[in-house]
Amino acid sequence: MSDAVMHKATARGLFRNRRRLVTVGRVLFGIGVLLIWQWVSALTGSLVMSPPTRVFARIVELIVTGGLYYNLGVTLLEALVGLTVGTLLGIGIPFLLHASPRVTEATLPYFRGAMGVPKLALAPLFMLWFGIGLASKFALITLIVFFLVFEPAFAGLHAIDQRLVTMARILGASHWQVTRKIIWKSLLPFIFGALKSALPWSVAAAVVGEFISGNAGLGFMINQANDLMDITGVFAGIIIVTTLVVTLDIALNRVRDQALSWRAVDSQTTL
Amino acid sequence: MSIQRIVDRILVGVILLALWQLTSLWIGFYWVSSPLQVAQRMVAWLSDGTLFTESGYTIGSALIGFTLGAVPGAVIPFLLRRRPVLAAILDPYLVAGYATPKLALTPLLIVWFGIGIWSKVALVASISFFLIFFNTQAGVRGISPQLIRMAEILGARETKVARLVVWPAALPYILAGVRVSLPFSISGTAIAEMLSANHGLGYLIQASAVSFDPTGSFTAIITLTAILTIVNILVNRSERRIFNWRPAAAAFGRPKGALG
Amino acid sequence: MTPATSEPQTPLLAVRGLGKQFEARDGRKSESWVLRDLSMAVVDGEFVTLVGPSGAGKSTLLNMIAQVDTPSAGEIMLRGQTLATGEHNKLNPGWNRQIGYVTQDDNLLPWRTLIDNVLFPFEVYGGVDAAAREKAEALMNAVGLTGFEHYHPHELSGGMRKRAALIRTLVYDPPVILMDEPFGAVDAQTRLQLQNDLLSLWRLGRKTIVFVTHDIGEAIALGDRVLVLSRAPAKIIGEHPIKIPRPRKIEDVFSLPEFPTLYATIRAQVG
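Residue numbers (this note's numbering), protein chains in the order written: chain D, 1 to 271; chain Z, 1 to 260; chain G, 1 to 271.
So here's chain D without its partners, still in its complex pose:
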């Protein structure tokens, strides 16, 4: 019996040690990466690589002086407008199609075909048509988000449990009530699934659009730094874009967890 207790005690000690080991390891690895980064940038010179100290100083400077907010705001605006309009269309059109099987049948192959087109490759044409300002980015991001949302929304609409609809009808629900309380609720998981990939895409598309041609935004900021051979600025910009994507993703997860709190915990949907 005493040996059993001993065994348990060592196992617990090991468990605690392992967690400590992981934490220490993570910190050391992070420090190691920063040191190597610093060292490599010293070797190559600041025209190729900028040391982490300077990059972080630049990020702080951008935040403190406020130089960041205009460009951040532009990119965020482009992404969110495109995301909103694209999502609305991506949900709305499947709903409209749902009303007419004949129209669905006739147009679906074209939707599917268009899905295969790499939308970002259309960016240069959009710049040609809508100019280098906000309009071209709105159009581009809307298009990308639309196709990311359309397919899951369409599939979700067809996967709705008809028994639930029938049940609601029997209980006396109106058409509008069925749409809102059953169809919309059943569709939500599909929509959140689509948004999970649409959200990072909308930011990436805004930045790429601004790279190609733009006069504001984080992509423009990075491009400008690049033109001035200001590698510190390029690094800072990339880190800010990544932070933006991660922040938006976390925010979306929060919203989704609230909206879908009735669902069983889905271990697959964590990043």
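Quick caveat, the hints were computed from the structure, so don't treat them as lab data.
Values in this document were obtained by computation on a predicted structure and should not be read as measured data.
Glycine included, every Cβ here is placed at the ideal spot set by N, Cα and C.
Be aware that one or more of the hints could be misleading.
In silico BS3-like pairs for lysine-lysine, Cα to Cα no more than 27 angstroms straight-line [claimed, not checked]:
| id | chain 1 | residue 1 | chain 2 | residue 2 |
| --- | --- | --- | --- | --- |
| 1 | G | LYS90 | Z | LYS160 |
| 2 | G | LYS207 | G | LYS249 |
| 3 | Z | LYS160 | G | LYS135 |
| 4 | G | LYS207 | G | LYS243 |
| 5 | D | LYS181 | D | LYS196 |
| 6 | G | LYS135 | G | LYS249 |
Label-pair ranges, simulated between beta-carbon atoms [as the list claims (entries may be wrong)]:
| id | chain 1 | residue 1 | chain 2 | residue 2 | range |
| --- | --- | --- | --- | --- | --- |
| 7 | D | VAL27 | Z | TRP31 | 54 to 60 angstroms |
| 8 | D | ALA155 | G | PHE254 | 51 to 57 angstroms |
| 9 | Z | ILE3 | D | ASP227 | 55 to 61 angstroms |
Using the hints provided, position chains Z and G relative to the given structure of chain D.
Just chains Z and G now, kept in the frame of chain D:
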């Protein structure tokens, strides 16, 4: 398929093409080109070999980059399988790498690797590494511990377990990663070519657009789409051939949250 | 021909004072023992069946003997050699192929054909030669799987998969075979067939078998000796030599005059 359905579909196609042609007559060819012009250009660029050369640059860069990223992406999860502490240490850094929008790295990669194919290779390698890594890791971690235990009881040692149990079990996940990242490697290359290059389909799209030649852009975009479609078909087909052992209805899940 | 129960022969497999205590999720020691002070011995060529109420730690016991789980106390010995104790427990699953284990799930590899699954033990250890093939084919023939060699597991019935799992262990001749309710989850007819198959295979090879079940009838019909496990913390609370002559046919055992008394005695002990 009923005749009405076929007629409907053709009708929609004809209407779309007619709308395009009419728009171009109304706004001007310089802005939106037209189906006829695109068809003519397609023939011209096919016969003078332009499309073959430029596609070659794009596909070549994409394949080199894909290989450089996918191989370590598929191998590392196997090495980490029996090293849970190391895996846990690296995990937040890998997630951060996965979350980074790789396309935003393009300007930096061009500074480092020049405007030739190597900046595109580096971009595509960074894209495919993380996609394949997380897919493979999901497969390696998702394997039933009972199967591994069974193999060990039957006398299998680590290398045999890895080769005969873990690898076949993870293969569907790896291929799911290929299905996503291979087409993405090609379109990613094209996007990097739009930003800075002197060859490739992406370069063709961008160069035509800035010289008010939307016909050229459309022709290149259609070519790119055709290549992507063919790649998709090939990947799906080989996947089906490899997995003839599993029940037709079985679906293998891929981790969600595809941050490109 | 039945080996006597309490012969002074050195047991092939011996378990002494075995205990298992699970750790709570937070890593703290839980006071509850699944299994405690359990001792038993099995002689060479014996077919021992273990019955007990569900949740009595039957699988835990087999897992510890098979070396896929660590004991918290006590020791396990094979041919007088200690495999595991409460203190020293570096796991060595199957103890270099000395202990075979047929689990509740068939655990066939879904991507391998039936014959490749049966040959798997050779492939991971030693290699597949003509003798191995011959043996695999003979066993497949003995249980009526001839003709299904090149099917994948998902194409076969549950009973066929159970047979394949059984002969996958028999094919490499481990001196001790553990079986954990291998015939659970199949219909009564198939179950009877599988039990008869097992008996005829056993008659050919005379392996040492430890067979766990919650079906008292099955325990009596198959075993030379029935051991009864108590509720958790499990220990052996009853031992019943079965004097029914072999070869047996399962369906005949149930109609023997001594069967009802045996059944009732064991039933009362299982509780």
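Now for the hints, and whether the structure bears them out:
no.	hint	result
1	G:LYS90 <-> Z:LYS160	holds (20 angstroms)
2	G:LYS207 <-> G:LYS249	holds (18 angstroms)
3	Z:LYS160 <-> G:LYS135	holds (22 angstroms)
4	G:LYS207 <-> G:LYS243	holds (19 angstroms)
5	D:LYS181 <-> D:LYS196	holds (23 angstroms)
6	G:LYS135 <-> G:LYS249	holds (25 angstroms)
7	D:VAL27 <-> Z:TRP31: 54 to 60 angstroms	holds (56 angstroms)
8	D:ALA155 <-> G:PHE254: 51 to 57 angstroms	holds (54 angstroms)
9	Z:ILE3 <-> D:ASP227: 55 to 61 angstroms	holds (59 angstroms)
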